[in-house]
Amino acid sequence: MIESIREHNWNEMDKIAVAINQSSHRAFELLTNLLDWSRSQTGKMELNPEHFDLGETIHKVLKLADEAATQKSITISGDFPAATIVYGDNQMIESVIRNLITNAIKFTHPGGKIDISVENKQKSSVISVCDNGIGIPKEYLNKLFRIDAGYSTKGTQNERGTGLGLILCKEFVEKHKGKIWVESKEGKGSAFRFSIPANPLGSDTKD
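Residue numbers (numbering that gives the first Met the number 0): 0 to 206.
I should point out that these hints are in silico values taken from the structure, not numbers from a laboratory. The C-beta atom is built at its ideal place from N, Cα and C for all residues, glycine as well. Check before you lean on any hint, since a few could be wrong.
[As the list claims (entries may be wrong)] DSS-like, lysine-lysine: derived pairs with alpha carbons at most 27 Å apart:
hint	residue 1	residue 2
1	K137	K178
2	K137	K184
3	K169	K142
4	K137	K112
5	K120	K59
[What the hints assert, rightly or not] Pair ranges (Cβ atoms, derived):
hint	residue 1	residue 2	range
6	E55	D13	29 to 39 Å
7	N10	Q121	38 to 48 Å
8	K112	E138	18 to 28 Å
9	K187	F27	26 to 36 Å
10	K59	P199	16 to 26 Å
11	E182	G77	32 to 42 Å
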């Protein structure tokens, strides 16, 4: 970049700036997931449940993801019931939502669309992150949440994943006694969904 500035090569400098930006995002994502994973595995990440507004947490994540979505001209829409109050660790749930939205952006083609929705049930809320991206081959679906499978693939612009994001999502959701699952069709897109309780942990959250 320094050489491009000296030579007034603005086109080349623009390409380098984009590459640095993408690399920085990947490094930040990897570092965040590694720190969360290590804290979780060493028992240093304690569950601190409280009642919080799920919609506010989703909007916070969307603000952070706006730049990455804009760079790929991806439209993100959301459908959140007013004042959706859930019970859980806000930081952990934020991490789950952040990883799912980051993945959706990564595997959606430029100009694509991502839909985020919340369905409130009697004892839990189900959060869905759906995209019309490249989808996942059927034979790989059961490997997504397994640390021993090591499944990872590049995004639509050759973005690289950390391989830890979905594993962390599963672990954090299960700490809340919730469930996480995926529905996907290759070439059509994916829908990642997870549930968290509306009531204090330990109560029945099957519905």
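- Quick check: which numbered hints come out false for this structure? 7 and 11
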